[in-house]
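If you want the building blocks of each chain, they are given just below.
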Amino acid sequence: MADVVAAPEALRVVGRAVPRHDARDKAVAATAYAADWALPGMLHAAVLRSPYPSARIVKLDTARAAAMPGVAVVLTARDVPRNTLATDVPGQTATVGPLRATLHVLAEDRVRHQGEPVALVAAETLELARAAVEAIDVAYERTPGVFTPEAALAPGAPQVHAAGNLLAQWRIARGDVAAALAGAAVVVEGEYTTQLVDAAYLEPESGVAWIDSDGVITIRVSTQVIEHFRDVAEVLRVPQNRVRVIGTYLGGGFGGKEDVTVEVYLGLLALKTGRPVKMVWTRQESLLARAKRHPYRMRYRTGATAAGEILGQQIELLGDAGAYAYLSALVLLYSTVTAAGPYRVPSVEVQARVAYTNNPPTSAMRGFGGMQTVFAYESQMDRVARALGMDAVEIRRINALRRGDRLPVGQVIETHVALPELCERVWAALEPPTPPRAPHVRVGLGLACNLQPYGRIVWLHDWSSAWVGFEMDGSLVVRCGVPDVGGGQASSLCQIAAEVLGVSLERVSVHIADSALTPLAGTTTASRQLYMSGNAVLKASRELREQLLRVAETMLGAEAATLAMTGDLVHAPDGRTLALPDLLRECARAGVPRGHLAVYNAPAGEPVDLATGSGKVFPDYTYGAHAAEVEVDTETGVVRVLRYAAAHDVGRAINPQSVEGQIQGGAVQGLGYGCMEEVLVEDGINLTTSFATYLIPTAADVPDVEPVIVESGEGLGPFNARGIGEPPIGPPAAAVANAIADATGARLTRLPITAERVARALGRLDGTN
Amino acid sequence: MRPFAYASPRTADEIIALLTPGSAGADGASRPLAGGTDLLTLMKADVATPSRLVDIKRAGLPKGIEETPPGLVVGGLTTLAQIETHPAVRARYPALAEATAVAATAQLRNVATVAGNLLQRPRCWYFRNPRIACWLKGGDHCPARDGENQLHAILGGGPCHAVHPSDVAPALVALDADARLRGPGGERTVPVEGLFAAPEGGRRRETLVGSDELLLALRLPPADGSRSTYLKSMDRKVWAFALAGVAARLRLDGRRVAEARIVLGGVAPVPWRAHEAERALEGAEAGPAAWDRAANAALTGAAPLRHNAYKLPLARALVRRALESLAT
Chain Z
1 MADVVAAPEA
11 LRVVGRAVPR
21 HDARDKAVAA
31 TAYAADWALP
41 GMLHAAVLRS
51 PYPSARIVKL
61 DTARAAAMPG
71 VAVVLTARDV
81 PRNTLATDVP
91 GQTATVGPLR
101 ATLHVLAEDR
111 VRHQGEPVAL
121 VAAETLELAR
131 AAVEAIDVAY
141 ERTPGVFTPE
151 AALAPGAPQV
161 HAAGNLLAQW
171 RIARGDVAAA
181 LAGAAVVVEG
191 EYTTQLVDAA
201 YLEPESGVAW
211 IDSDGVITIR
221 VSTQVIEHFR
231 DVAEVLRVPQ
241 NRVRVIGTYL
251 GGGFGGKEDV
261 TVEVYLGLLA
271 LKTGRPVKMV
281 WTRQESLLAR
291 AKRHPYRMRY
301 RTGATAAGEI
311 LGQQIELLGD
321 AGAYAYLSAL
331 VLLYSTVTAA
341 GPYRVPSVEV
351 QARVAYTNNP
361 PTSAMRGFGG
371 MQTVFAYESQ
381 MDRVARALGM
391 DAVEIRRINA
401 LRRGDRLPVG
411 QVIETHVALP
421 ELCERVWAAL
431 EPPTPPRAPH
441 VRVGLGLACN
451 LQPYGRIVWL
461 HDWSSAWVGF
471 EMDGSLVVRC
481 GVPDVGGGQA
491 SSLCQIAAEV
501 LGVSLERVSV
511 HIADSALTPL
521 AGTTTASRQL
531 YMSGNAVLKA
541 SRELREQLLR
551 VAETMLGAEA
561 ATLAMTGDLV
571 HAPDGRTLAL
581 PDLLRECARA
591 GVPRGHLAVY
601 NAPAGEPVDL
611 ATGSGKVFPD
621 YTYGAHAAEV
631 EVDTETGVVR
641 VLRYAAAHDV
651 GRAINPQSVE
661 GQIQGGAVQG
671 LGYGCMEEVL
681 VEDGINLTTS
691 FATYLIPTAA
701 DVPDVEPVIV
711 ESGEGLGPFN
721 ARGIGEPPIG
731 PPAAAVANAI
741 ADATGARLTR
751 LPITAERVAR
761 ALGRLDGTN
Chain X
1001 MRPFAYASPR
1011 TADEIIALLT
1021 PGSAGADGAS
1031 RPLAGGTDLL
1041 TLMKADVATP
1051 SRLVDIKRAG
1061 LPKGIEETPP
1071 GLVVGGLTTL
1081 AQIETHPAVR
1091 ARYPALAEAT
1101 AVAATAQLRN
1111 VATVAGNLLQ
1121 RPRCWYFRNP
1131 RIACWLKGGD
1141 HCPARDGENQ
1151 LHAILGGGPC
1161 HAVHPSDVAP
1171 ALVALDADAR
1181 LRGPGGERTV
1191 PVEGLFAAPE
1201 GGRRRETLVG
1211 SDELLLALRL
1221 PPADGSRSTY
1231 LKSMDRKVWA
1241 FALAGVAARL
1251 RLDGRRVAEA
1261 RIVLGGVAPV
1271 PWRAHEAERA
1281 LEGAEAGPAA
1291 WDRAANAALT
1301 GAAPLRHNAY
1311 KLPLARALVR
1321 RALESLAT
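Residue numbers (the numbering used here), protein chains in the order written: chain Z, 1 to 769; chain X, 1001 to 1328.
Accuracy of the hints is not assured; some may be wrong.
Said to hold, decoys possible - Subject to a maximum C-alpha distance of 35 angstroms in a straight line, what follows is the list of computed DSBU-like cross-link-like pairs (lysine-lysine): (1) X:Lys1237 / X:Lys1137; (2) X:Lys1044 / X:Lys1137; (3) Z:Lys616 / Z:Lys272; (4) X:Lys1237 / X:Lys1044; (5) X:Lys1237 / X:Lys1063; (6) Z:Lys26 / X:Lys1237; (7) X:Lys1063 / Z:Lys272; (8) Z:Lys26 / X:Lys1063; (9) Z:Lys59 / X:Lys1044; (10) X:Lys1057 / X:Lys1137; (11) Z:Lys59 / X:Lys1237; (12) X:Lys1063 / X:Lys1044; (13) X:Lys1057 / X:Lys1237.
Since the hints were made in silico from the structure, they are not lab data.
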């Protein structure tokens, strides 16, 4: 796509760290988040959840609860017009069969995980709703469950779903791995275990629903996907055009609000009562029952030449899907495609499986399966380098993908890969090393790289649409159904429109995330919104510009191609200007539309047979390199991250401040994953349902993250930008593990890296049990 | 949280009457409320289900720090923030100032009282889960013994393996503080150390303070040339309970240790007085050899569970570092 304004130095708004329109409101608590909404006559809702991970419901009597004064309605599965939601996963392998994953709105005859919703209540107050939940007469008969994927796949294991516990499997076989490993000068073997973690957003799942005056069921909700209006309609058995979802500015999503959360319940309750209903999950509910990141067990064998060239990787991945499929098959696909890392590896075999268990369900979370594998492949790279006595940057420089190379899945890399530069930049950022502050302390440096797709799988035929138009006074309006999860999604669209149409940023208004009133833009997931909706706004703006300049051409008597739009004016080559209101009045008179709708379609493709490695899976990838300097207390095992630098090639930074925010936030969330976060589940029972036990990093726990923005101009997004939402969360755990190995020689292979695990790896626990 | 009644008496006698089972107006399930930072979380978790909260903040009970040279009296209602910032505490009882400063968060320390801190319940995830009938809640066994016990006791465990969560308690024990209590039968004074006892038999709580007793005040004896400190290790830098903590106090006579107190937190069901370490120190020459001996002696009798053996080297290192810092 040719740029209207190609040279970065010529850009006025794009590429500048302009203040986001949503920032001040958030800082002064003026943003109306989903839970801040209230309507007259509003009911409050609560959910009855299963206390058991695996049980039959033998009794469910709501009469007493429903009879309580102030209780408007009590619903069970029997009251749900269509209780089963199904999702087809295209491209699934023949071994498991075409996947038709199902999910119940409310549990029917059995529950499969602790916290599974069984019944809903709406009442005049929240206290009443909760009291009514307790008054529901429910009895369970506990049944045997499975709590690890290994146990789930063992012969004779209790079956979580009728079709068996193997939810999905993917396979890649490229080259001859056995021969590659046999011929390698060094072969490194490693087994890596990652844990269950939670999105832990500030804002729990919440929303308000009402029947609007036009009869449409309207749901104002914290979601990454306003297109769930279709799921709500399906459940309620009403036409899709009778449900409207309004997305709010989010207090974080991280994939946890990609699946349906409260919106189906709210739609049901509003429909049954005819009254506004609010549902806000408590932190405990959110930690207990929301889908989380898949725990993985990963086995890697990596072979390299004496010169450090990677010859082959043999990889086995096994993930825990929890009790329902959600997006597990696709998460596993991302892992499979990225399993060998951002490296040129001639022979690769990947065997990836994900199994149902009676643990909390797992689904999308920032990184989406591209994250767990980083810990494994970057630990392996570090081990190969150490075995060969090679420098951490050098081994990555030798093996880094280059344009024209193929990923193990067969996809040709069509854009620049800046990996060596990224490595050098973060490594240099941590110079000079910090001297150890005490004899029992060692300091080390670790490097980790990653690749993360942005944009959806090409056979999902992704698209986004946006409308851009002028008001008569020359102020500009952007309408786009993008949910803003806090990354500046809406603000970046304003920059793009302002740039193309020459309007000052203050004169741009943006309307987002309304399934009835804004053109649909798809999900704010998969690092896709800047890429997809950015391109849609860019296209709409350019086409609108052409449309308007054809009118200006006549007014100014100069060819459209010679006209410029800047500073809220149209400029002729001879210095004459035309004010926008004058141009717009003329458009109105001449019947030329002052607004324009555009659809951006991503490059599409057919499903790829991964096993034979035949082609493109994702539009493109974002690459990164992170470096950590850590201090290890060799007596206690306590690890502290002293300094941190993170570099990503973002193609072009539309708003450098937002890019830095994504890099820093991702790095901190990744450090939490690496060093402390774990949802501890014992036989299906979640022991960490509060922030007193589920620890996330505080400001005191993380150093300043130095963001390094590299702009290769090679992305597929607007102005050649790449996605940066997910990529920065990937490398931190591996960077820390590699730094610990550098400091002490001890190799940590299990997350999170706690003092206990470090002490054990250092041999401090020898002689104890 | 379940509904509860609320009372706000104006005298200590009225409070005690409301808390005393069988007395007029008492219903047997009343609990005193001060800062509420522990009690309310227990109620939200449905682990504590009092029918009535008795607010004890309006009855003129001792609050604040009174200098009683050469000692100090700390009212039971004194907030941790008041203690942490008090010049006399910082100058003469650094272990107490340091222990309060690393407890919880600034917001919690602004409302949490010292009495409530001493009497807080364990943070054990089995105990705090209302659906798990652990021994401490009246069940027949401790699920932590063979379960997820990485945060649990390595000393003095069983039948309950939860650890006492307080940072302040080890500091007060190391400083030889006394506690003044008031109950239906009048007042009594006991060493802070005597407030605690590992739960056993029918007594499924960590304290010997009666449910109808008020912890009125703490008396700190003269510092008397002692130096003290509190070191704490956590899973993150702030806002976490101790994996292990150590309060240490030394009185040196030249290069000799004249008196020593070593009290561990986060490793036992009660603040753990390491008598063997103290014996190893008293009379010894100050220096690395003595610190090592004390550090090893402090863990005498340790019986780690499956996932918490890391607490041994951790606690040893903290003891050694605390002693080193006091002798330099």
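Hint check:
1. Among the hinted pairs, Lys1237 (chain X) with Lys1137 (chain X) is consistent with the structure: their alpha-carbon atoms are about 31 angstroms apart, no more than 35 angstroms.
2. With a C-alpha separation of about 16 angstroms, the suggested pair Lys1044 (chain X) and Lys1137 (chain X) falls inside the 35 angstroms cut-off, and the hint holds.
3. Note on Lys616 (chain Z) and Lys272 (chain Z): the hinted pairing is violated, with a Cα-Cα distance of about 46 angstroms set against a maximum of 35 angstroms.
4. For the given pair, Lys1237 (chain X) sits about 26 angstroms from Lys1044 (chain X) by alpha-carbon distance, which is consistent with the 35 angstroms threshold.
5. Distance check on the hinted pair: Lys1237 (chain X) and Lys1063 (chain X) sit about 30 angstroms apart at the alpha-carbon level, within 35 angstroms; holds.
6. At most 35 angstroms may separate the alpha-carbon atoms for a hinted pair to count; Lys26 (chain Z) and Lys1237 (chain X) meet this at roughly 27 angstroms.
7. Distance restraint check for Lys1063 (chain X) and Lys272 (chain Z): the Cα-Cα separation of roughly 54 angstroms exceeds the 35 angstroms cut-off, and the hinted pair is therefore not satisfied.
8. For the given pair, Lys26 (chain Z) sits about 39 angstroms from Lys1063 (chain X) by alpha-carbon distance, which is inconsistent with the 35 angstroms threshold.
9. The hinted pair formed by Lys59 (chain Z) and Lys1044 (chain X) meets the criterion: a straight-line CA distance of about 27 angstroms does not exceed 35 angstroms.
10. Simply put, Lys1057 (chain X) and Lys1137 (chain X) have alpha-carbon atoms about 28 angstroms apart, close enough for the 35 angstroms limit, and the pair holds.
11. A threshold of 35 angstroms between alpha carbons decides the hint, and for Lys59 (chain Z) with Lys1237 (chain X) the separation of about 48 angstroms lies outside it, so the pair is violated.
12. For the hint linking Lys1063 (chain X) to Lys1044 (chain X), the alpha-carbon distance of about 27 angstroms falls within 35 angstroms, and the restraint holds.
13. With a C-alpha separation of about 32 angstroms, the suggested pairing of Lys1057 (chain X) with Lys1237 (chain X) holds against the 35 angstroms cut-off.
Consistency with the previously given hints fails for numbers 3, 7, 8, 11, ordered from lowest to highest.
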